[in-house]
Amino acid sequence: MELNVQSLTHRYGDVPVLQDVSLTIASGEILCIVGPSGCGKSTLLRLIGGLERPDVGRILQRGDAPEGCLNPLTYVFQDFALLPWRTVAGNVSLVLEDHGIRGGAADAIINDVLDRTKLRDFRAALPRQLSGGMKQRVAIARALVVDPAVMLLDEPLSALDAQTRDLLMEDLVALWSRQPFTAVYVTHNLAEAVRLGHRIAVLSRRPGQLREVLDVDVPLAERRPGDPRLEALQAQLWQVMKDEAAAADQELLHV
Amino acid sequence: MSDLSQETEARPVPFRGGGFRPVAKAGTGVVVFVLLLALVEWGTRAGWISNLTLPRPSDVAVTLIDMARSGMLWTHVAPSLSRLVIGSAMGISAGIGVGVLIGLFSHVRAGLIPLVAALFPIPKIALLPLFVIWFGIDEASKYALIALGTFTPTVVATYGAVDNVDRTLIRMGQSFGLSWLSIVRKIVLPGALPGILSGLRVSVAIGIILLVAAEMLGAEYGIGAYILQAGSLYDLERLFAGVVILSALGVLTSWGIGRLEMRLLRWRS
Ligand SMILES: Nc1ncnc2c1ncn2[C@@H]1O[C@H](COP(=O)(O)OP(=O)(O)OP(=O)(O)O)[C@@H](O)[C@H]1O
Ligand SMILES: [Mg+2]
Numbered sequence: 001m002e003l004n005v006q007s008l009t010h011r012y013g014d015v016p017v018l019q020d021v022s023l024t025i026a027s028g029e030i031l032c033i034v035g036p037s038g039c040g041k042s043t044l045l046r047l048i049g050g051l052e053r054p055d056v057g058r059i060l061q062r063g064d065a066p067e068g069c070l071n072p073l074t075y076v077f078q079d080f081a082l083l084p085w086r087t088v089a090g091n092v093s094l095v096l097e098d099h100g101i102r103g104g105a106a107d108a109i110i111n112d113v114l115d116r117t118k119l120r121d122f123r124a125a126l127p128r129q130l131s132g133g134m135k136q137r138v139a140i141a142r143a144l145v146v147d148p149a150v151m152l153l154d155e156p157l158s159a160l161d162a163q164t165r166d167l168l169m170e171d172l173v174a175l176w177s178r179q180p181f182t183a184v185y186v187t188h189n190l191a192e193a194v195r196l197g198h199r200i201a202v203l204s205r206r207p208g209q210l211r212e213v214l215d216v217d218v219p220l221a222e223r224r225p226g227d228p229r230l231e232a233l234q235a236q237l238w239q240v241m242k243d244e245a246a247a248a249d250q251e252l253l254h255v
Numbered sequence: 001m002s003d004l005s006q007e008t009e010a011r012p013v014p015f016r017g018g019g020f021r022p023v024a025k026a027g028t029g030v031v032v033f034v035l036l037l038a039l040v041e042w043g044t045r046a047g048w049i050s051n052l053t054l055p056r057p058s059d060v061a062v063t064l065i066d067m068a069r070s071g072m073l074w075t076h077v078a079p080s081l082s083r084l085v086i087g088s089a090m091g092i093s094a095g096i097g098v099g100v101l102i103g104l105f106s107h108v109r110a111g112l113i114p115l116v117a118a119l120f121p122i123p124k125i126a127l128l129p130l131f132v133i134w135f136g137i138d139e140a141s142k143y144a145l146i147a148l149g150t151f152t153p154t155v156v157a158t159y160g161a162v163d164n165v166d167r168t169l170i171r172m173g174q175s176f177g178l179s180w181l182s183i184v185r186k187i188v189l190p191g192a193l194p195g196i197l198s199g200l201r202v203s204v205a206i207g208i209i210l211l212v213a214a215e216m217l218g219a220e221y222g223i224g225a226y227i228l229q230a231g232s233l234y235d236l237e238r239l240f241a242g243v244v245i246l247s248a249l250g251v252l253t254s255w256g257i258g259r260l261e262m263r264l265l266r267w268r269s
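If you're matching them up, the sequences are chains A and B in order. Residue 1 is where the first sequence starts when you use the UniProt record's numbering, and the numbers rise one by one after that. Residue 1 is where the second sequence starts when you use the UniProt record's numbering, and the numbers rise one by one after that.
Hints in this document: simulated from the structure, not taken from any laboratory. All C-beta atoms, glycine included, are put in the ideal place defined by N, C-alpha and C. It cannot be assumed that every hint is accurate.
In silico negatives: residues of chain A with every beta carbon more than 12 Å from chain B [said to hold, decoys possible]:
#1 2
#2 11
#3 74
#4 236
Across the chosen pairs, the derived CB separations fall in these ranges [said to hold, decoys possible]:
#5 A:68 <-> B:185: 56 to 66 Å
#6 B:105 <-> A:58: 23 to 33 Å
#7 A:226 <-> B:166: 52 to 62 Å
#8 A:4 <-> B:259: 51 to 61 Å
#9 A:22 <-> B:166: 55 to 65 Å
All chains, please: the whole structure from these sequences, using the hints.
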């Protein structure tokens, strides 16, 4: 499925948050969105997923969701948003239950997705027993189980330590290589953006405007930490963002 | 540098992190209780507590044992228990229902919160004569009193608990396209359960207070009636026997709710 964001403008009360943002997310592509803090990245993602209505502009979806898709636009949240009273398997089955998938059929699907996310041994664990990385794996498993047409990830790795982040990035790349999915990936971490994005959209400070969209030409599976091409790109991104980030930082002091 | 470290004496870093984490020490409560009773027993025997002030604990125990032997204990406890159970079951289930509705719907909230605020501070005992006129002198008026008394604190605890359910979890449910009913059943209600259960402690305690009040105003059997009789005869042993039964009831319900919390809220850290 392809998404088409057309000149979105959004404000909260008097505060303009997004200004005329237009984007296209092609099928099977991971689009990373980077920008200084408070520039409206999360807002943009909420608008794309239909959790909020934009003031101006619209979001169009083109093409059909894959066969068996239970929830075309599916989020992965920064703070995991797992139900603490449900086990890992219970959290993953939450959406299946609403579609009447139970018993053996549900078990087969859940086992498959827990295998893919390396969670098989943690089926019966409660969220409070899991590390942050494991919790985010569960959230990713919960998103994968609905066979989403587009995954919307809001800083999914920023609550995790650097090593766990690296491992999970490798897992995401492996998942994508196995079965390409479409994704919008919001992050403030440029290393994540150059590692996972096919394209990277840079937003200006608030009100967020589209500054630039960069292509990353290296195939996803070939990207390694320390690759000179990626590092050059990351440096280029930082050049674009540096002044914005500094200005955004100053701005907060005046609010 | 190394000279210095050899000359000056090495001391362990002092520990400063203790305290502020009360934990239940098993048996401490019993010890306090026994000490207090022993003190009263000693005082009444030695004479520095007059018999008119406090009865001897051992006499109260004898009274309780006699009651249990003669079957009078059960004669009084059974009707009280059934009043408490039926009345508070009505009040608590209605309270949880209304509280959830207030937590979910703006119109219900706007309409009912002022009403609940108006009902809450009324001493419900003052309404008993009215309830007697409405429901008769029998059980129904007692049920109604206990039900109303447990209803308001349950409503307040429940809608507070629903308000406090993590909004990101509800957002998550919506983002996965869950039905409204699923969100309420699988996210809102379990999320509100801790708050509802702790409200239950308050509600049941108020229920016990109202139970006794209602029984004092008109009942043949029941712990309240028993205490009233004993009081009017100035029979301190029996009066205190009644009080002991009430405290036991309080401890028992609080323990029961504690067990319920342990079972239902195992997911909490
Ligand atoms: N529901 C809301 N009501 C009012 N203001 C909001 C709301 N949500 C966000 N904002 C404001 O809109 C601006 C953009 O917020 P948003 O969360 O989209 O930024 P962000 O780019 O995701 O920031 P961060 O990097 O901190 O995650 C911020 O100034 C924020 O205070
Ligand atoms: Mg954000």
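Beyond 12 Å from every chain B Cβ - status for residue 2 (chain A): holds, 20 Å
Interface-negative label, residue 11 (chain A) against chain B, beta-carbon threshold 12 Å: holds, 20 Å
Minimum Cβ-Cβ distance from residue 74 (chain A) to chain B exceeds 12 Å: violated, 7 Å
Given as non-interface: residue 236 (chain A), partner chain B, CB spacing beyond 12 Å: holds, 34 Å
Satisfaction of the hinted span 23 to 33 Å by the C-beta atoms belonging to residue 105 (chain B) and residue 58 (chain A): holds, 30 Å
Range agreement (Cβ of residue 166 (chain B) with Cβ of residue 22 (chain A), hint 55 to 65 Å): Cβ of residue 22 (chain A) to Cβ of residue 166 (chain B): about 34 Å, so the range 55 to 65 Å is violated.
Distance restraint evaluation - residue 226 (chain A), residue 166 (chain B), Cβ atoms, bounds 52 to 62 Å: violated, 39 Å
Supplied distance hint 51 to 61 Å, evaluated on CB atoms of residue 4 (chain A) and residue 259 (chain B): Cβ of residue 4 (chain A) to Cβ of residue 259 (chain B): about 56 Å, so the range 51 to 61 Å holds.
Assessment of proposed distance window 56 to 66 Å (beta carbons of residue 68 (chain A), residue 185 (chain B)): The hint (56 to 66 Å, Cβ to Cβ) is violated, given that residue 68 (chain A) and residue 185 (chain B) are roughly 25 Å apart.
This entry does not satisfy hints 3, 5, 7 and 9, going by the numbered hints stated previously.
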